[in-house]
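A.B. asks: Each residue of the sequence shown is one higher than the one before, counting from 1 in this note's numbering.
FYI, nobody ran anything at the bench for these hints, they're computed from the structure.
A virtual CB, placed ideally from N, CA and C, is assigned to each residue, including glycine.
Incorrect hints may appear among the rest.
[Unchecked claim] Calculated pairs, DSS-like style, for lysine-lysine (alpha carbon to alpha carbon, straight line, at most 27 Å):
1) K132 to K108
2) K45 to K119
3) K45 to K58
4) K79 to K57
5) K119 to K79
6) K119 to K57
7) K57 to K45
[Claimed, not checked] Simulated restraints on C-beta separations:
8) W32 to A90: 17 to 25 Å
9) G77 to P121: 35 to 43 Å
10) P121 to D38: 14 to 22 Å
11) H94 to T68: 30 to 38 Å
12) R110 to C40: 14 to 22 Å
13) D105 to D38: 18 to 26 Å
14) D105 to G25: 34 to 42 Å
15) S10 to R71: 37 to 45 Å
16) F56 to M1: 15 to 23 Å
17) Q97 to G77: 32 to 40 Å
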Amino acid sequence: MFSFHHVALSVENLDASIAFYGVFGFLEVYRWHAEQGDLCIVHLKQGEALLELFCFKKADAAPDSSHTLSRDLPRIGIKHFALSVGDIYAAKGHLQQLGLAEGVDVVKGRTGVEYFFLKDPSGILLEVVQDKRLL
1 MFSFHHVALS VENLDASIAF YGVFGFLEVY RWHAEQGDLC IVHLKQGEAL LELFCFKKAD
61 AAPDSSHTLS RDLPRIGIKH FALSVGDIYA AKGHLQQLGL AEGVDVVKGR TGVEYFFLKD
121 PSGILLEVVQ DKRLL
């Protein structure tokens, strides 16, 4: 009856965010502009996943706690979203070559998965995860 549809993010710089998520295979499939010019919404698609980007001309900054995982997790609300990979170390190496994963460590989590976190151009946390439990 129900299936997952999308994740929505409010971003500071639409072009930078589209380029960043393009590295992960997301392609723009829809764009809408408000007549007043104060909002643009873009849908990016990767396989069945849909990422909705909101870019407001006048946006409110995220709280400082949202930029550090250890401070963000205890705060009520959506934390991050994750992209799955088959080889966490190959993914990390690829992203390091692109300058996106400097100083990033692969961690084995309490739930048994290996992961690392990146920040997008707006400082939003993105998890890259290898979950062998799902194989």
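A.B. asks: For the pair G77 and P121, does the Cβ-Cβ distance stay inside 35 to 43 Å?
C.D. replies: For P121 against G77, whose Cβ atoms are near 21 Å apart, the range 35 to 43 Å is violated.
A.B. asks: Regarding the pair K132 and K108, is the alpha-carbon distance no greater than 27 Å?
C.D. replies: Within the cut-off at roughly 12 Å; holds.
A.B. asks: Holds or violated: K79 and K57, Cα atoms, limit 27 Å.
C.D. replies: holds (24 Å)
A.B. asks: Between K45 and K58, is the straight-line Cα distance small enough, at 27 Å or below?
C.D. replies: OK: K45 and K58 at ~26 Å, within 27 Å.
A.B. asks: Do the Cβ positions of W32 and A90 conform to the proposed distance bound of 17 to 25 Å?
C.D. replies: violated (36 Å)
A.B. asks: Determine whether the Cβ-Cβ distance between F56 and M1 falls within the hinted range of 15 to 23 Å.
C.D. replies: violated (33 Å)
A.B. asks: Regarding R110 and C40, is the given constraint of 14 to 22 Å on their beta-carbon distance met?
C.D. replies: violated (39 Å)
A.B. asks: Against the 27 Å threshold, does the CA-CA distance of K45 and K119 hold or violate the hint?
C.D. replies: Holds, at roughly 19 Å.
A.B. asks: Just to be careful, I want the Cα atoms of K119 and K79 compared with a cutoff of 27 Å; is the pair within it?
C.D. replies: Given pair K119, K79 holds - Cα atoms ~12 Å apart, limit 27 Å.
A.B. asks: Does the Cβ pair D105, D38 satisfy 18 to 26 Å?
C.D. replies: Hint violated: Cβ distance 40 Å, outside 18 to 26 Å.
A.B. asks: I want to verify a distance hint. Is the separation of the beta carbons of Q97 and G77 within 32 to 40 Å?
C.D. replies: holds (33 Å)
A.B. asks: Does the alpha-carbon distance linking K119 and K57 stay inside the 27 Å limit?
C.D. replies: holds (21 Å)
Consistency note: the structure conflicts with the earlier hints numbered 8, 9, 11, 12, 13, 14, 15 and 16.
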